[in-house]
Amino acid sequence: MGGAGAAGRGSGVGVGGSRGLVVTAVRAVDALRTSALFESLSDSVLDALVGRGTWINVRGGERIISVGDASDCMYVLVAGRLAAISPVGEMLGEIAPGEPIGEIGLLADEQRVANVTALRDSILLRFDREAMLEVLRAEPEALLVLTRTIIRRLRRTQKEKRRARALGRRAVALIPLLPGLDLTPVAKALVDALSPYGSVLLLDPETVDHALGAGAHDTLFDDADGHQRVVTWLAEQEQAHRYLIYLCPPKTGAWARRCMRQADRLLLGVDPGAHVSGTPMLAELLAAGVQVPRDIMMLSDSPGRETDVMAWRDRARANGHLYAAPDGRLPDARRIARLLTRRSIGVVLGGGGARGFAHLGLFRALEELDIPVDVVGGSSMGAYFAGLKAVGHDTETMRKIARDMFVEHNHLNDFIFPSVAFIRGRKFVKELHRCFGDVQIEHLSTRYFCVSSNLSRGRLEVHEQGPLYLWTATSMAVPGVAPPVIWNEDLLVDGALLNSLPTDVMEGLDLGPIIASDVSTGGELTAPGIKGPDPEGLFSWRGDAKRPSLLNIMFRTATVGGQRGASERASRADVYLRMPVSDVGMFDWKHFDDVNRRGYEFALDQLTPVRDQLVNGMI
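Heads up: the sequence shown begins at 7 in the numbering used here, then just goes up one per residue.
In short, the hints are calculated from the structure, not lab data. We put the beta carbon where it would ideally sit given N, CA and C, even for glycine. There's no promise every hint is true.
Stated by the list, open to error - 20 angstroms max Cα-Cα, derived DMTMM-like pairs, lysine to aspartate or glutamate:
1. 596 to 402
2. 194 to 212
3. 194 to 301
4. 596 to 414
5. 596 to 410
Stated by the list, open to error - Now the in silico label distances, taken between C-beta atoms and shown as ranges:
6. 213 to 58: 34 to 42 angstroms
7. 154 to 463: 45 to 53 angstroms
8. 212 to 246: 17 to 25 angstroms
9. 147 to 190: 45 to 53 angstroms
10. 221 to 299: 28 to 36 angstroms
11. 143 to 336: 56 to 64 angstroms
12. 577 to 374: 21 to 29 angstroms
Construct the entire structure; sequences and hints are all you get.
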């Protein structure tokens with residue numbers, strides 16, 4: 007579908023046309039005035055242009071332009087929201103009311119190079135190629151504005167595109183997948199949680215009927231005039247309010263379908279005790295074909311192993327999941343609000359052995375500054391401390407657990423004859439199991455990931471589900487020191503082998519600001535005073551400097567590759583903390599308190615000036 011074909015799928019008529027859809031010339035001119043492309047044109051020019059335009063109604067999820075179509079027209083979005091998508095499915099950008107669509111192909115006289123799909127019910131004005139070119143020839147100012155629009159779109163960086171999408175995502179729909187599931191308490195709590203960021207309106211059937219008359223919420227798409235009346239009113243509410251929350255009762259129908267088509271994001275409510283199965287609401291959702299992010303929202307007071315959340319995700323084709331108490335608790339709502347507004351704060355922790363104790367200091371600083379942590383991820387030692395945070399421990403509890411594991415008791419000392427590794431790793435894995443229990447990563451209310459290196463395939467593995475203790479142990483399995491973990495016939499080892507600071511993984515989640523804690527060092531293994539070449543220099547070591555041990559050499563050998571691209575990974579963080587611990591050795595567990603203190607003082611110093619920017623998503 008594309009070009010002229012779009013009018014065949016949507017409801018399209020000329021201005022003042024038939025099928026009960028009456029669009030006055032004045033109303034169409036007012037719509038064009040919202041576009042920077044046309045705002046400088048005279049009324050006479052706009053009147054002439056409107057006379058040659060076509061008014062199009064498009065369902066959410068419907069494609070307007072397809073790659074390869076002839077560029078025989080262009081559009082202006084009047085109400086709703088569209089998405090430009092590359093041939094390989096990459097989101098190129100979102101299109102807001104007032105913006106033109108298809109202008110590049112029209113000017114270049116080339117086939118369409120991207121797909122354009124309606125993210126919600128939308129209203130557009132369509133202009134044939136000759137009508138537009140006639141206006142542009144007569145009005146050079148309009149051509150200049152159009153050219154600037156094209157250049158601005160092409161110049162936008164990936165980070166700017168993500169931020170623009172986040173700012174554009176103003177409508178969320180709460181949809182219960184199960185009969186009888188009332189999401190009203192969660193919706194009301196979400197209104198309170200979003201209010202600090204701007205005006206919020208809760209839209210339910212009663213609100214719509216109060217504004218537009220009894221039964222207006224049940225207006226069908228095929229009722230062209232009634233449908234446009236509802237869509238126009240909803241667009242007016244979007245202009246008047248920063249956020250809209252669509253609340254769907256637990257029954258299918260026209261309002262449920264409209265909620266699905268109007269929202270920029272869907273939160274699909276599920277009772278954790280319910281059997282995973284098809285439901286009428288789920289069938290309605292899948293049939294709607296909407297292409298916006300959707301998350302399973304498990305209504306649970308305390309997430310646990312009874313929630314088959316991954317099965318629900320698969321069934322609903324959801325992008326992710328989250329947890330919320332069914333009674334609408336404000337802390338849960340605030341966490342969801344940060345997610346919806348791209349203010350979720352992600353913390354990435356790097357690998358570095360004993361230097362990783364600095365991560366404890368970071369979490370203490372975050373607690374004192376009241377900076378929430380919504381997502382944690384890490385590599386090697388960073389995976390361990392990220393796990394402690396994800397299960398909900400405060401920093402004092404984390405400190406006691408870590409001190410017991412690495413200082414009071416050395417759980418890395420089960421040495422064996424080195425056939426595959428120096429230690430069996432059994433004691434360490436057992437201790438991690440005792441620490442984390444049987445918690446599954448997907449059941450954590452604080453989102454978590456860790457990474458490991460796949461020796462068999464030479465690639466990075468990202469772990470976002472499964473046993474927390476086991477994948478944490480895998481991320482910490484230094485080759486040669488600890489044995490690889492076998493998974494699907496592949497050998498997995500320490501994540502720092504390929505990526506010691508996985509900010510790229512966190513960035514790919516596109517959730518909000520990223521804080522990165524880097525405890526690596528580039529000059530740890532040196533031989534001061536020995537010029538060489540001396541093949542026996544380590545055996546005849548003299549001087550005050552500490553001689554590199556076999557374990558130090560093996561660890562450095564295993565992880566030096568993970569340092570490649572370090573500057574690029576650092577640049578992906580909004581706040582990059584290079585912890586002042588480079589003088590601490592990988593296995594210097596006795597420096598626990600000192601490294602913890604250094605991390606705290608440094609993090610507090612660096613985070614205090616940017617605290618408000620972080621919390622408000624302005625960094």
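A quick look at each hint next to the structure:
Distance restraint check for residue 596 and residue 402: the Cα-Cα separation of roughly 18 angstroms lies within the 20 angstroms cut-off, and the hinted pair is therefore satisfied. Restraint check for residue 194 and residue 212: the C-alpha separation of about 15 angstroms stays at or below 20 angstroms, so the hint holds. With a CA separation close to 19 angstroms, the supplied pair residue 194 and residue 301 stays within the 20 angstroms bound. Using a Cα cut-off of 20 angstroms, the hinted pair residue 596 and residue 414 holds, with the two alpha carbons roughly 9 angstroms apart.
Our distance criterion of 20 angstroms between C-alpha atoms is met by residue 596 and residue 410, whose separation comes to about 12 angstroms. Range check, residue 213 to residue 58: Cβ separation about 38 angstroms, and the 34 to 42 angstroms hint holds. Look at residue 154 against residue 463: about 47 angstroms separates their beta carbons, and that is inside 45 to 53 angstroms. For the pair residue 212 and residue 246, the beta carbons lie near 18 angstroms from each other, so the given range of 17 to 25 angstroms is met.
Between residue 147 and residue 190 the beta carbons are some 51 angstroms apart, a value that agrees with the proposed interval 45 to 53 angstroms. At roughly 31 angstroms, the beta-carbon separation of residue 221 and residue 299 lies within the given 28 to 36 angstroms, and the hint holds. Under the hint 56 to 64 angstroms, the C-beta atoms of residue 143 and residue 336, about 58 angstroms apart, fit the expected range. Between residue 577 and residue 374 the Cβ separation comes to about 27 angstroms, which falls inside the hinted range of 21 to 29 angstroms.
Violated hints for the displayed structure: none, as all numbered hints are satisfied.
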